[in-house]
Amino acid sequence: MELTWSTEGLAPEDQFAYWADVVCEACAPLAPVRTRQHLTRSRWGEGLTGWVRAERLADSTPTEVVSCTQRLTHGPAEVRRGRDEQIFVNLQLDGTGRGEQDGRRCVVPPGSFAVFDTTRPYVLEFDESPDGSPWRVLSFKIPRDQMLALIPQPTLRTARTVDARSGAGVVAADMMTSVWRSRAQLSAAARLALDHACTEVIATALGAFEKEGDDRSSVDDATRASIARFVHERLPHGQVLAVEAARHVGISVRKLHQLYDGHETTFGATVRDLRLQRAARQLETGGPHVTVTDVANRWGFCDASHLNRAFKGKYGMSPTAYRESSSATVT
Amino acid sequence: MAVWDVASRPPHEQFGYWREVICEAFVPLTPSRIGDADDFRSRVETRPLAHLVRARLTSQPQRTSHGKGEVARTDGAYLFVNLQTAGTCAVEQGGRHALVQPGQFTVVDTAEPYRFQFDLPWRMVSYRIPHPLLGGRLDGMRRLTARAIDARGAGGVVAAVMSSLWELDNGLGAPDAELAMVSALGAVAGERAGAVSDRRAILRAEIERVVDAELSDPALCVATVSRRVGISPRTLHTVVSSGGVTFAAMVRRRRLERAAVLLADAGTGLAVTDIAASVGFDGPSSFSRAFRRQFGRSPTDLRRAPARGGQEVRAH
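Residue numbers (the UniProt record's numbering), protein chains in the order written: chain X, 1 to 331; chain E, 1 to 316.
Mixed in with the good hints there might be a few duds.
To be verified - If the Cβ cut is set under 7 Å, some of the chain E residues that face chain X in the computed set are:
# : residue
1 : Val71
2 : Thr74
3 : Ser164
4 : Leu168
5 : Glu191
6 : Val261
Said to hold, decoys possible - Here are some chain X residues the structure puts well away from chain E; computed CB gaps all over 10 Å:
#  : residue
7  : Cys24
8  : Asp84
9  : Pro121
10 : Val179
11 : Ser182
12 : Val201
13 : Ala205
14 : Asp220
15 : Pro236
16 : Arg247
17 : Ala269
18 : Asp303
19 : Ala310
Simulated from the structure, these hints should not be mistaken for lab results.
The beta carbon of each residue, even a glycine, is placed where N, CA and C say it ideally should be.
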């Protein structure tokens, strides 16, 4: 279902408040500001003109935002106000974006993207393009835990421009735009598959930064992340065997298991964790006729009691309790 | 990266070189030319990735056959995804055939015979995908072969990814980027399969709803339910058995689960015999027997000590 908001038809004095509400609703809590400098260099010298179009795929929500030169702040107050923990992948379509988070700054020209984490403060600034058209951004809102499971480093490299020099970055950008463009023609199954495919390929592009570190540990981190992405992609289609994962990333099975020596996790635990994530999602969205046994069977657990045990270990509650608590929240 | 261009040979040798080239670059294939021009201007550029092989081809009118002999001679098993960029391709595999226009793509499986016919000079982008890269999706993809698929919707994403992947260097991120291609293809395949399974799930839910409404009738049968839902008894059996049970077993389970809920709820004050009747059992002894087989204890035992939280006895 697509949602659109626009400042069209509003008087300038009402536009700001409306826009603030709109971006908060569609994206994250963000406070818009237009300073005198913004106004001077903008084609829109007063008020705030813009529109937003959002449409949820499955777990992630792509949102197209078009507006005039401004700054958007996700400050400490906004961090506290936020309900969900999300990652925003901001792909610049027109105009220029600038961002700042975790002490890093980036400049994002059209065709490039950068990511931001709503659990910490960040600032975004957008400029109209030199020919006077408004800036446009395609922003993918992705659940934070999903993204973190697929990238090498424990903390996400926020405010870093991923551009055309990174081949994986181009594939990610092209995939995001083509999925957005064809969203009306996608079946429910296709939306889910492409939603996850986008998250995986974005994670790949982000992980590419690890190539810069030559040392063993960052290559190992990158390989572990690559394995996680492979498992993530394969999971809905049957068993995920260590031998297949090893072949995919080009190492031996022995080396694959060694990669997890001295780490908190193992290959088996990575697979189990991702299975539990998918089970949790199905419990949230599956509907009342889907039983816990169905979910257990679907995601490779012998039976409901095995799923129960593993589920409590990860989420601290039973699958039934999880389903009840998630249906109580309005999405 | 490798480029073969027949222009390096004199015109009368060009078709022969092309025949060698396509076997070299792809899989055993036998081309036969259409028309009688002197030359056979053709070019192939290949760019291997981690597991995929990417190729761009230009050539002339011809028929290409991957017959039984070629299937036997093929090393390994692959799917080809061919995006037509100029000219047309008539493809045939597995009893299906289609005419692929520029902007469309088609899929063929080297493990079975297939044929192409190009009536005009043509160009295509062709990605060769080894079966193992597809994993559990392979069966779904096989159902996709020899169709002309538009670059719209999920097909549009496939075309965009193919175009994007062409430029990618074969580095650390390559295996993951290849997964993007596999996922996008899976989405296209899923579009055909998904329609079927969604419909089944909807029908199954409707059947269960009708059964639940008529549970108290001991004579509840396939004929009544299928008539009520508006499907044939055969369809009903197909849909119910795709959930792993027979109709009779499904009805029995729902009767027993509703009985368990009533028994566990101390407030009803109904006798066990009355509960049995209300869920459509003919007599109390057949009820007790069936109940014990399903839940491992007798109805009276359950009434005396219902499960904590009632979780065991949820009626679905």
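Is the nearest CB of chain E more than 10 Å from the CB of proline 236(X)? With a cut-off of 10 Å, proline 236(X) comes too close to chain E, as the shortest Cβ separation is near 8 Å.
Interface hint outcome for serine 164(E) [beta carbon to chain X under 7 Å]: holds (4 Å)
10 Å cut-off, C-beta based - arginine 247(X) kept clear of every residue in chain E: violated (7 Å)
For alanine 310(X), which was marked as not at the interface, is the minimum beta-carbon distance to chain E over 10 Å? holds (17 Å)
Would you assess whether alanine 269(X), listed as outside the interface, keeps its beta-carbon beyond 10 Å of every beta-carbon in chain E? holds (21 Å)
At 10 Å, judged by beta carbons, does serine 182(X) keep clear of chain E as stated? At roughly 4 Å from the nearest Cβ of chain E, serine 182(X) sits no farther out than 10 Å, so the non-interface label is violated.
Regarding the assertion that valine 179(X) does not contact chain E, is the least Cβ-Cβ distance greater than 10 Å? Nearest chain E Cβ is 6 Å from valine 179(X), so the label is violated.
For alanine 205(X), is the shortest CB-to-CB distance to chain E above 10 Å, so the non-interface label stands? Contrary to the label, alanine 205(X) does not stay out of reach of chain E, its closest Cβ about 7 Å off (not over 10 Å).
Per the CB criterion, is valine 71(E) less than 7 Å away from chain X? This interface hint is violated because 24 Å lies over the 7 Å limit.
Mind verifying the non-interface call on aspartate 220(X)? Its CB should be farther than 10 Å from each CB in chain E. holds (12 Å)
Beyond 10 Å from chain E, beta-carbon-wise, is cysteine 24(X)? Given a closest Cβ separation of 30 Å, the condition holds.
Should the label of aspartate 303(X) as a non-interface residue stand, given a Cβ cut-off of 10 Å to chain E? Non-interface label on aspartate 303(X) holds, nearest chain E Cβ at 13 Å vs cutoff 10 Å.
Of the numbered hints listed earlier, those contradicted by the structure are 1, 2, 6, 10, 11, 12, 13, 15 and 16.
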